[in-house]
Amino acid sequence: MDAVPNWFRGLYETTGYNFTVFYDPYDWDRYVNGLKTTLLLAVTTILASIVIGAVGALLQGGPSRFLRGLVNGFVVVFCNTPPLVQIFFFYFGLGTLLPATQTADGLRVPLLDNVQWAIVALALFAGAFNVEIFRSGIEAVPRTTVEAAESLGYTRLKAYLYVVLPLALRVCLPALNNNLINLLKTTTLAYAIAVPETLYAVKQIWSESQNVLEMMIVLLATYAVLVGVLVWLMHRWERALRIPGYSR
Amino acid sequence: MRKPTSTFLGAGLLAAATVLSASLATAADGLEAIKQRGTLIVGVKADYRPFGFRDPSGAIIGLEPDLAADVAKRLGVKLELVPVVSSNRIEFLQQGKVDLLIATLSDKPERRRVVQAIDPQYYSDFVNVMLPKKAGITDWAQLKGKPLCATSGAWYNKDVARTYGAEIVAFDGSEKPLFALKQGNCLGYVYDQSMLQGKLLDADWKADYGLPLKGILDAPWMMAVALGNGALQGLLETTTKEWMKSGFIVEEEKKWGIEPTEYSKAMHEKYKNATN
Chain A
2 MDAVPNWFRG LYETTGYNFT VFYDPYDWDR YVNGLKTTLL LAVTTILASI VIGAVGALLQ
62 GGPSRFLRGL VNGFVVVFCN TPPLVQIFFF YFGLGTLLPA TQTADGLRVP LLDNVQWAIV
122 ALALFAGAFN VEIFRSGIEA VPRTTVEAAE SLGYTRLKAY LYVVLPLALR VCLPALNNNL
182 INLLKTTTLA YAIAVPETLY AVKQIWSESQ NVLEMMIVLL ATYAVLVGVL VWLMHRWERA
242 LRIPGYSR
Chain B
2 MRKPTSTFLG AGLLAAATVL SASLATAADG LEAIKQRGTL IVGVKADYRP FGFRDPSGAI
62 IGLEPDLAAD VAKRLGVKLE LVPVVSSNRI EFLQQGKVDL LIATLSDKPE RRRVVQAIDP
122 QYYSDFVNVM LPKKAGITDW AQLKGKPLCA TSGAWYNKDV ARTYGAEIVA FDGSEKPLFA
182 LKQGNCLGYV YDQSMLQGKL LDADWKADYG LPLKGILDAP WMMAVALGNG ALQGLLETTT
242 KEWMKSGFIV EEEKKWGIEP TEYSKAMHEK YKNATN
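These protein sequences, in sequence, are chains A and B.
Residue numbers for the first sequence follow the working numbering, beginning at 2 and rising by one.
Residue numbers for the second sequence follow the working numbering, beginning at 2 and rising by one.
Bound-form chain A, shown alone (with noise of 0.2 Å):
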């Protein structure tokens, strides 16, 4: 499997193309290290974002008027600030101010590293859009058909997990697909903490090695790639979801 490398080694030495993330190992484990932790950020905050998109939802239109303003309140603070000054804030600033445990040596060890602060900036910044975007579908849902459920004795919950939840779903899908897919392309932010992901390792190669074109070019199309698998795996879920006769 030596070909790959010594077809892009020749290309370096013919054009001045370098793309040395192809032909040189240690480069190629960092790229691939990159990728295996930015799939991770994108997988946990996609999930937990929708699990916060969802569960806020169902609180902002709930009888208590403490959630609501709660849920309100978490909805204006993170769709208001830019998500780069949330990490830095989630890192810098709320790191310093938890409590730490300690090594053996005394030495101050964080409660949260840096990998787990990003997901959760991250997670409760899309779920704030999320919440919105729910808000949306549930909205949608006509009213006479949450007072059917109502009268065939469903709880708020079950009525809301049974009725309401899967034709919003369905209502909103589209705005939620474009907001997960800014959600995959937002986890480059991650790279301001030092969360090895492909922005991180990608500039590492390139103050190096200087190829800064190459590998500018290697990491759109790394992007475009997954941004295009994210968007399949949308709307198969959209077509699975269909009800026959409920929309076009």
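By construction, these hints were calculated from the structure, which means they are not laboratory data.
Check the hints yourself; a few may be wrong.
[Claimed, not checked] Each computed PhoX-like pair below joins lysine-lysine, with the alpha-carbon atoms no more than 25 Å apart:
| id | chain 1 | residue 1 | chain 2 | residue 2 |
| --- | --- | --- | --- | --- |
| 1 | B | 147 | A | 37 |
| 2 | B | 109 | A | 204 |
| 3 | A | 204 | B | 145 |
| 4 | A | 204 | B | 135 |
| 5 | B | 135 | B | 177 |
| 6 | A | 204 | B | 177 |
| 7 | B | 177 | A | 186 |
Bear in mind the structure is a predicted one, so any value in this text is a computation, not a measurement.
With chain A fixed as given, assemble chain B onto it according to the hints.
Relative to chain A, chain B alone:
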């Protein structure tokens, strides 16, 4: 009646010629101009403790201003220090705003093409790791598998990671790695030894942190004068050798609170017994 235009033209040309010859004189006849002027103008850093920084009264002090003072003394002229930064120091020298640069200037081939370097190089910076004293690290090999904060883009990050197996956690700039280090997100901060030595002079860091390891990957610093300045260059070369012979630089390092580097000690040894 004389035409006014030709008078102005003549006056203008004369003025231009005077100014041009004056500025050419500053750059080319360096040593003579300095002696005539009675002042040696040296470009130094004002924000790089302890090599060049400001004291509470605003005066620039440090290891490099002291070296500049010594050169001025040898020439028998007064000293004027001009603060410079990395992005303008070479331009100041080329434009004749300073006669001499002693401003933490790393020796690079591109720089040698535009300024006259003074050999032997007067100092050398190393790469080192600022570690907490509690960690008890005494050898580079103990860093294997440990996370080290670093500044993104530094030329030595990859070397340190590959040679010693440390895990580099890189941030942009040199503020964020220090925050992360304080919080315990990494074991130490790998950076230029001279900068770390300066940081350790602060009360904040002095108590709990230190540089227990020996510096690696040395990168020499050079003094510089404008190209074509043969007389001044010759004088500075002799001066540098005399500094190394007498151990002046080693004394200065101790004076400003930094551990004398291998380079300074080695150069002192080499020139101590030399006859030229």
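Which of the stated hints cannot be reconciled with the structure, identified by number in ascending sequence? 4
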